[in-house]
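Modelling step: build the complete structure from the supplied sequences, incorporating the hints.
If you're matching them up, the sequences are chains A, B and C in order. Residue 155 in my numbering is what sits at position 155 of the first sequence, and the numbering runs on without skipping anything. To convert, take the position in the second sequence, counting from 1, and add 1000; that gives my numbering. To convert, take the position in the third sequence, counting from 1, and add 2000; that gives my numbering.
Heads up, a few of these hints could be off.
Covered stretches of chain C, as calculated for chain B (at least 3 residues, CB under 8 Å) [to be verified]:
#, stretch
1, 2160-2168
2, 2173-2180
3, 2184-2194
Sample of chain A residues lacking proximity to chain B, with all beta carbon distances greater than 10 Å (derived) [to be verified]:
#, residue
4, Arg16
5, Gly65
6, Thr182
7, Ala254
8, His293
9, Asn307
10, Gln311
In short, the hints are calculated from the structure, not lab data. Note that beta-carbon positions come from the ideal geometry of N, C-alpha and C, so glycine has one too.
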Amino acid sequence: MTALLSIRDLSVAYRRDGVEVPALKGVSLDVLEGERLAIIGESGSGKSTLALALAGLLAMGTEIGGMIEWSASQSQTPRSFAPLSGLPAISPARGEIGSFADGSSPATLEISKSSDDGSISPLAGEMPGRAEGGVPERRPSAIGNTQAPLLGSDIGFVFQDPSSSLDPVMPIGKQIAEVAHTHLGPGWKGAYAKAKTLLERVRLPNPDATIHAYPHQLSGGQKQRVAIAAAIAAGPKLLIADEATSALDTIVQAEIVALIRRLVSEDGMTLIFISHDIALAASLADRIAVLRHGELIELGETSQIVNAPQQAYTRALLDAHLGLNAEPLLDRQDTSA
Amino acid sequence: MSVLAVSNLTKRYHRGGKPFAAVDDVSFEIGPAETLALAGPSGSGKSTIARLVLRLIEPDAGRIDFEDADFLTMSGAALRARRARLQMVFQDPLAAFNPRATVARVLNDPLRVHGIAPRADRPRRIAALLERVGLDAGLAQRAIHEISGGQRQRVAIARAIATRPSLIVLDEAVSALDVSVRGQILELLLDLQRQERIAYLFISHDLGVIRAVAHRIFILDAGRIAESGDARAVIAYPQSSVGKALVAAMPKLVRDRP
Amino acid sequence: MKRLRRLLHTPEAIAGALILALLIAMALAAPLLFPGDPQAIAGPALLPPFRDWSLPLGTDRLGRDVLAELVHGARTSLAVGLAAAAAALLIGAVVGTLAGFAGGLIDEVLMRMTDAFQTVPSFLLALAFVSIVGPSLGVVVAAIAISAWTGPARVARAEVLSIRERDYVAGARVIGMHPLGIAFREVLPNALPPVLALSSVIVAAAILTEAALSFLGLGDPNRVTWGSMIAEGRTVLRTAPFLSIVPGVALVLTVLGVYLAGEGVVESTAVRRSLS
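Here is the structure:
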């Protein structure tokens, strides 16, 4: 498998009251095309920072070092249209993040630049027709070959709390249609048709009515379904779910995980699943990366991480999991007493 | 003899003009040094029951007997005095404290309010409380927002035990904690239960945690009790549809050698 | 030090702070700079400014030193402005906290009272109060305060309504704290920031109201105030306009200084809050 995303020596530091607080220290990691990668860690491990860095969502004034290389070329996505003329068959599109002093994230700059290009894409007009065919949408990730991935059309992002990531005063249909409209440009009518299809795909009841509903009329799980629909509206290659189920109860969590699993396999997306829950990660992912204090301490196949962890910390995380087969603490206490 | 006896508790709200029962005719008892877990999906009424039992909200019907006295008819100073025996630990330890407070002030409040120790003796009492929950006494002067989440939850437990309660309501008290910290907090709670004979009303959506610490479980669905019984038996062989759904939804970690 | 630097992070805030510092220095130093009664006759009447360097801003109709009056007037203006604003904020915060925290009948009664005060034009209220009780410094402060507390009360109530639903307020109830203790120890301090954000507007308005009252002859007759100086100059406005212009400019600068410095404080606290 080829790497969709190569992270090399990525370091991120936040500035707080003039003091630099490192959040990621020299993380290097390849995200393979089509895989489901879980990134797990406890609070302060840097897992969310990594997700935000990949999506170019880090706040202004964050210090970034190292490199994120996005190498999604058209030839690697068989369902997409032919590559633009003049481009070689394999053309790694690079979004480089060099070592920069205090300033805005260069990835953010790149992304705002490329979003202009995206809206005038000559292929854009043909998108809605393909949506009806049920074919996974693919848009050439960038017109040029030296651009960072574009949030929305290349990367879909699902946040932890859908009540704050959705606009409370905009009908949910419009929030989804807006993504399609911005990145695919099928016009509003086409975008709304796409939004309806997406609401069906994320299994929201009665899409014809729900499309006009506001977020507060939906339950937490339904809101997260809407957020997922918006994240995949422009047919991204990579879906990043940042603790997307941890604000939900166990039953809804299981449903959302099943939904993500189905959508990822139907669309052939690559998934980065950020979680604090090693059991949940293991139930979904092909590979697991363990972060601790901003460092990548272990990376491996799920079965290897679960059955033969190399690091004591990973083993401690596994042992701390309270599953339905664990020995109850109550007994341990009683016998020790 | 029970610490808390709740009978036919009902609380109704209005949603879109229509009344609906958030808690519908719920009855249960908790004995001394017993942990009773309330489980259920969100919206099943677990947190509403917690707030009713603590009289943070008033029920529409039902009866609550706490330490063999009618808790619902108490008011004013009598109610405030009785609150010393019935404490709570919240899910988010940061939201549970005044954002301006220091650890010392948080622990001083219950001692002051209930006149538990003379003013001069309180710093010593605060240090003892911190040590009881496994924290360094030097933490007292730190601001609440400066300490870690696990430390904050220990401070919350220290505040809850400051007034020597017979019952503590734990509302998702370990859900927001890291797994490594969660285990330590659960051990601390069990240790306190053995030493001080405290009963817990343990509210959680996580059956794994409940199975680890609870004696009995009540599974709620839409404000009603769907099933109840010995925690491990119910979780091993759930009878109700919501119980089965909760068990099925637990992520399973299958390890060759645990 | 860090806090001060953050406070003075815009040119407007620096200008405001400078003006205020100058005024406060002037007010504090008044008895040293101009010992004795500023209302004593110091020279010939209606001497224009910049003629006699012992009387740089000239003299008024009765031959009193305009600069001495101006400097002593700063004392009154600032003292009345700050005292009235402090009283208004205190009353407003207490009323708003009680109304928001207690709810129900108490809320109804307190807010209808607030409505009643707010529907009467505040200046008329102050005017009526002073004309009934009689002019003195304390009465003027009280008059301005009762006409200005309604704004802070509404802001405090709105903030308290959101704070009282937080977990830590429930936690204080669980501990068994008395409701008044919860309202004033736990809720009020956390509801204060948006209320204090009003202070610059209230201080500026209080200084203007005080000047307007003195202009109408309802200020403390034993003190020089900028308002009474403007009123004094009004009778000779054509022949000696400087008598009204000088205290008028002082008034404008003071209000501007208070406002700019107040905005600086509000912005710096907003920055701090967004950082944390």
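Outcome of the hint check:
For the stretch 2160-2168 of chain C, the proposed coverage by chain B is satisfied: 3 residues have a C-beta within less than 8 Å of a C-beta in that chain, meeting the threshold of three. Three residues within the 8 Å Cβ limit are the bar, and the stretch 2173-2180 of chain C against chain B gives 6, so the coverage statement holds. With 3 residues carrying a beta carbon less than 8 Å from a beta carbon of chain B, the stretch 2184-2194 of chain C meets the three-residue requirement, and the given coverage holds. At roughly 13 Å, the least C-beta separation between Arg16(A) and chain B is larger than 10 Å, which holds for a residue marked as non-interface.
Under the 10 Å C-beta cut-off, the non-interface status given to Gly65(A) relative to chain B holds; the minimum distance is some 27 Å. At the 10 Å boundary, the C-beta of Thr182(A) stays outside the reach of chain B, the nearest C-beta of that chain being 33 Å off. The beta carbon of Ala254(A) is not kept farther than 10 Å from every beta carbon of chain B, the shortest such distance being approximately 4 Å. Distance check for His293(A) against chain B: the nearest CB is about 12 Å away, which clears 10 Å, and the non-interface claim stands.
A beta-carbon of chain B is positioned within 10 Å of the beta-carbon of Asn307(A); the least distance is around 5 Å. Here Gln311(A) stays apart from chain B, with its beta-carbon at least about 14 Å from theirs, past the 10 Å limit.
In summary, the structure is inconsistent with hints 7, 9 from the numbered list given earlier, while agreeing with the others.
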